[in-house]
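Visitor: Listed here are the chains, written in short residue letters.
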Amino acid sequence: GEDVEQSLFLSVREGDSSVINCTYTDSSSTYLYWYKQEPGAGLQLLTYIFSNMDMKQDQRLTVLLNKKDKHLSLRIADTQTGDSAIYFCAEKENSGYSTLTFGKGTMLLVSP
Amino acid sequence: DGGITQSPKYLFRKEGQNVTLSCEQNLNHDAMYWYRQDPGQGLRLIYYSQIVNDFQKGDIAEGYSVSREKKESFPLTVTSAQKNPTAFYLCASSTRAGGPYNEQFFGPGTRLTVL
Chain A
1 GEDVEQSLFL SVREGDSSVI NCTYTDSSST YLYWYKQEPG AGLQLLTYIF SNMDMKQDQR
61 LTVLLNKKDK HLSLRIADTQ TGDSAIYFCA EKENSGYSTL TFGKGTMLLV SP
Chain B
1 DGGITQSPKY LFRKEGQNVT LSCEQNLNHD AMYWYRQDPG QGLRLIYYSQ IVNDFQKGDI
61 AEGYSVSREK KESFPLTVTS AQKNPTAFYL CASSTRAGGP YNEQFFGPGT RLTVL
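Listed in order, the protein sequences are those of chains A and B.
The numbering used here puts the first residue of the first sequence at 1, with every later residue one more than the last.
The numbering used here puts the first residue of the second sequence at 1, with every later residue one more than the last.
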């Protein structure tokens with residue numbers, strides 16, 4: 001089955017860039033997603049990238065996709081304390097009615 | 001104001017009791033999902049439903065049951081057969097489960113604690 005792996009923890013200083021990495025195993029993935037979860041809350045979709053794209057930029061967020069290595073990254077520029085949260089990578093398989101497969105999440109801690 | 005609501009936010013139950021978690025959406029979405037979240041485990045899919053009166057087991061369905069009698073509602077029952085029910089439960093919905101694009105919208109979650 002599909003598997004999505006993420007590092008569990010990242011700590012940065014306010015104003016620095018954060019890079020959260022994700023690897024996936026399913027070569028037939030069509031869409032890859034980044035979700036954000038604040039403490040005690042549900043997940044909020046941050047951005048997504050289609051598998052035929054290499055990069056997508058949306059304000060402070062940049063998503064890079066390396067299909068050959070099955071590696072996805074989320075870069076947050078000028079990281080703020082409000083960015084402290086858990087970030088989940090998820091992939092959607094391109095086969096019928098498949099559901100999303102989530103990674104275990106990366107906890108981002110931003111210190112002043 | 002469209003969205004997904006889950007109630008209650010916190011729920012306490014005694015061991016051996018069944019408990020039902022509510023999930024309602026007014027987004028007119030066909031598909032709905034239940035996930036369980038444990039620390040360090042990420043999200044694990046319990047059940048999902050693509051259409052009214054139909055649902056499929058996810059990765060960890062044992063000890064849970066669901067119904068989908070209305071498009072807007074997808075309640076989850078945690079039965080006494082679930083060996084470790086204490087967790088954070090998240091409900092989600094999407095326009096449909098199939099197709100290449102499947103943005104899921106999440107509710108705020110219910111934290112269930114079994115004493």
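Source of the hints: derived by calculation from the structure; they are not laboratory data.
Watch out, some of these pointers could steer you wrong.
To be verified - With a straight-line cut-off of 20 Å between C-alpha atoms, the simulated SDA-like cross-links for lysine to any residue are:
(1) A:LYS104 to B:GLY3
(2) A:LYS36 to B:PRO39
(3) A:LYS36 to B:LYS70
(4) B:LYS9 to A:LYS67
(5) A:LYS67 to A:SER84
(6) A:LYS104 to B:GLY40
(7) A:LYS70 to B:LYS9
(8) A:LYS36 to B:PRO108
(9) A:LYS104 to A:ASP16
(10) A:LYS36 to B:ILE60
(11) B:LYS70 to B:ILE60
(12) A:LYS36 to B:GLU103
(13) A:LYS104 to B:LYS70
(14) A:LYS36 to B:ARG68
(15) B:LYS9 to A:MET55
Since the structure is predicted, the reported quantities are computational estimates derived from the model, not experimental observations.
Visitor: Among all the numbered hints in the text so far, which are the ones the structure does not match?
Guide: Failing hints, ascending: 1, 3, 4, 5, 7, 9, 10, 11, 13, 14, 15.
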